[in-house]
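Peer 1: Sequence:
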Amino acid sequence: MSNRIGPVAKKLKNDKTLERGQWDEKVGDDENVCVVKWIDTKAVTMLSTCSGSAPADTCKRWCIKEKRKIDVARPEAVRNYNTSMGRIDLCDRLIAYYRSATRTRKWTVRTFCHFLDLVVVNCWIMYTRCCTEENVQRKDMLGLLQYRLNLVKAMMKYSGGKVEPNFLIPGSIFCPSTSPSTRSSLTAASEGLQCTDDPPTKKHRLVVPQPQLEIRLNSVDHLPRFVDSKSASKCRHPTCSSRSRTMCVKCNMYIYVLKNNCFESYHTNKNFGPR
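Position one of the sequence shown corresponds to residue 1397 (the numbering used here), numbered consecutively onward.
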């Protein structure tokens, strides 16, 4: 801090002359910058352009000698810092949970990855606020890890086009789960991808879950492909009961092409649930 405030540090009172809860203050000649040294357990020096020492208040601090919390006077600059730093500490803590791994010392790459993590964390915080406004229970909201995984998987399949912000539409990758069985980010149903950890048995065919809503409706690279299989699969459009050997390349879903325009309806209608 001394290298930031320059010669002003020498004008402040020495730490030994100040007791706990006392402070010393210096204001610049232009009255735009204020330096406050406050004694807590150790000396705390604050440099501020918006607040100084007044109006002061009191805060609770633990006293080792008395073995209890006591009231300690605190300048306004420290109070404002403590009030605002709570959200910054929360943001830093969330970023540290799942920080992007980089094996380079280039500051440009590290800075880019940091701001990328910062954007994802801020978006997740806004997502939780939207869920709170919609009266969604906390247990039904996506966790930060699940939110990041769903976001990455949607971006891996997204290759252009316009995506609507369908944060709370059923089927969206950001929509809260509606039951405990769909809350886990590791299940195939909540991720929209086929789980290959446990191979299907010979008697039962593994049902591939529906893709995320943003992928199904983005109108990019949804091409039909004929699959030469022994038996046809049931059309995944909810209103169709036919069987088809035509699959959407991007969605990995069997869709009947010739009847009732199932292929077109499947990629334009967002009002039907998974099947």
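Any given hint might turn out to be false.
Dumping the calculated SDA-like pairs for lysine to any residue here, alpha-carbon to alpha-carbon at most 20 Å [unchecked claim]:
no.: 1; residue 1: 1463; residue 2: 1444
no.: 2; residue 1: 1438; residue 2: 1483
no.: 3; residue 1: 1407; residue 2: 1456
no.: 4; residue 1: 1456; residue 2: 1475
no.: 5; residue 1: 1406; residue 2: 1421
no.: 6; residue 1: 1438; residue 2: 1487
no.: 7; residue 1: 1456; residue 2: 1429
no.: 8; residue 1: 1422; residue 2: 1477
no.: 9; residue 1: 1465; residue 2: 1406
no.: 10; residue 1: 1456; residue 2: 1417
no.: 11; residue 1: 1406; residue 2: 1444
no.: 12; residue 1: 1646; residue 2: 1629
no.: 13; residue 1: 1412; residue 2: 1441
no.: 14; residue 1: 1549; residue 2: 1495
no.: 15; residue 1: 1438; residue 2: 1476
no.: 16; residue 1: 1626; residue 2: 1604
no.: 17; residue 1: 1630; residue 2: 1616
no.: 18; residue 1: 1412; residue 2: 1444
no.: 19; residue 1: 1422; residue 2: 1459
no.: 20; residue 1: 1422; residue 2: 1444
no.: 21; residue 1: 1456; residue 2: 1477
no.: 22; residue 1: 1666; residue 2: 1637
no.: 23; residue 1: 1422; residue 2: 1495
no.: 24; residue 1: 1456; residue 2: 1470
no.: 25; residue 1: 1549; residue 2: 1414
no.: 26; residue 1: 1407; residue 2: 1459
no.: 27; residue 1: 1422; residue 2: 1470
no.: 28; residue 1: 1422; residue 2: 1441
no.: 29; residue 1: 1412; residue 2: 1477
no.: 30; residue 1: 1465; residue 2: 1417
no.: 31; residue 1: 1646; residue 2: 1666
no.: 32; residue 1: 1409; residue 2: 1437
no.: 33; residue 1: 1465; residue 2: 1444
It is worth saying that the hints were derived from the structure and are not from the lab.
Peer 1: For every hint, state whether the structure bears it out.
Peer 2: To see whether the hints hold, each was checked on the structure:
1. Our distance criterion of 20 Å between C-alpha atoms is broken by residue 1463 and residue 1444, whose separation comes to about 33 Å.
2. Distance hint between residue 1438 and residue 1483 is unfulfilled; the C-alpha atoms sit about 23 Å from each other, more than 20 Å.
3. The suggested pairing of residue 1407 with residue 1456 is violated, with an alpha-carbon distance near 29 Å, which exceeds 20 Å.
4. A hinted pair counts as satisfied when its Cα atoms are at most 20 Å apart, and residue 1456 with residue 1475 qualifies at roughly 12 Å.
5. For the hint linking residue 1406 to residue 1421, the alpha-carbon distance of about 12 Å falls within 20 Å, and the restraint holds.
6. Our distance criterion of 20 Å between C-alpha atoms is broken by residue 1438 and residue 1487, whose separation comes to about 26 Å.
7. As the CA atoms of residue 1456 and residue 1429 are separated by approximately 28 Å, the hinted pair breaks the 20 Å bound.
8. At roughly 18 Å between alpha-carbon atoms, residue 1422 and residue 1477 fall within 20 Å of each other, so this suggested pair holds.
9. Restraint check: the Cα-Cα separation between residue 1465 and residue 1406 comes to about 32 Å, which exceeds 20 Å; the hinted pair is violated.
10. Proposed proximity of residue 1456 and residue 1417 is supported: the alpha carbons are some 11 Å apart, at most 20 Å.
11. For a cut-off of 20 Å, the pair hint linking residue 1406 to residue 1444 stands: about 18 Å separates their Cα positions.
12. Under the criterion of a C-alpha separation no larger than 20 Å, the hint pairing residue 1646 with residue 1629 is consistent with the structure, at around 17 Å.
13. Only pairs whose Cα atoms come within 20 Å are accepted, and residue 1412 paired with residue 1441 is accepted, the gap being roughly 15 Å.
14. For the suggested pair residue 1549 and residue 1495, the alpha carbons sit about 17 Å apart, so the restraint of at most 20 Å is met.
15. For the hint linking residue 1438 to residue 1476, the alpha-carbon distance of about 18 Å falls within 20 Å, and the restraint holds.
16. Restraint check: the Cα-Cα separation between residue 1626 and residue 1604 comes to about 18 Å, which is no more than 20 Å; the hinted pair holds.
17. Between residue 1630 and residue 1616, the direct Cα distance comes to roughly 24 Å. Violation of the 20 Å bound is thereby established for this hinted pair.
18. Note on residue 1412 and residue 1444: the hinted pairing is violated, with a Cα-Cα distance of about 24 Å set against a maximum of 20 Å.
19. Note on residue 1422 and residue 1459: the hinted pairing is violated, with a Cα-Cα distance of about 28 Å set against a maximum of 20 Å.
20. For the given pair, residue 1422 sits about 11 Å from residue 1444 by alpha-carbon distance, which is consistent with the 20 Å threshold.
21. Restraint check: the Cα-Cα separation between residue 1456 and residue 1477 comes to about 16 Å, which is no more than 20 Å; the hinted pair holds.
22. A threshold of 20 Å between alpha carbons decides the hint, and for residue 1666 with residue 1637 the separation of about 19 Å falls inside it, so the pair holds.
23. Taken as a hint, the residue 1422 and residue 1495 pair is broken in the structure, with Cα atoms around 40 Å apart against an allowance of 20 Å.
24. Between the alpha carbons of residue 1456 and residue 1470 the distance comes to roughly 10 Å, so the proposed pair stays at or under 20 Å and holds.
25. About 57 Å separates the Cα atoms of residue 1549 and residue 1414, which puts this hinted pair outside 20 Å; it is violated.
26. With a C-alpha separation of about 29 Å, the suggested pair residue 1407 and residue 1459 falls outside the 20 Å cut-off, and the hint is violated.
27. Pair hint residue 1422 plus residue 1470 holds up; C-alpha atoms about 16 Å apart against a cutoff of 20 Å.
28. At most 20 Å may separate the alpha-carbon atoms for a hinted pair to count; residue 1422 and residue 1441 meet this at roughly 11 Å.
29. Between residue 1412 and residue 1477, the direct Cα distance comes to roughly 24 Å. Violation of the 20 Å bound is thereby established for this hinted pair.
30. Between residue 1465 and residue 1417 the alpha-carbon distance is near 13 Å, which keeps this suggested pair within the 20 Å criterion.
31. Using a Cα cut-off of 20 Å, the hinted pair residue 1646 and residue 1666 holds, with the two alpha carbons roughly 17 Å apart.
32. This hinted pair checks out: residue 1409 and residue 1437 have alpha carbons roughly 16 Å apart, not beyond 20 Å.
33. Restraint check for residue 1465 and residue 1444: the C-alpha separation of about 28 Å exceeds 20 Å, so the hint is violated.
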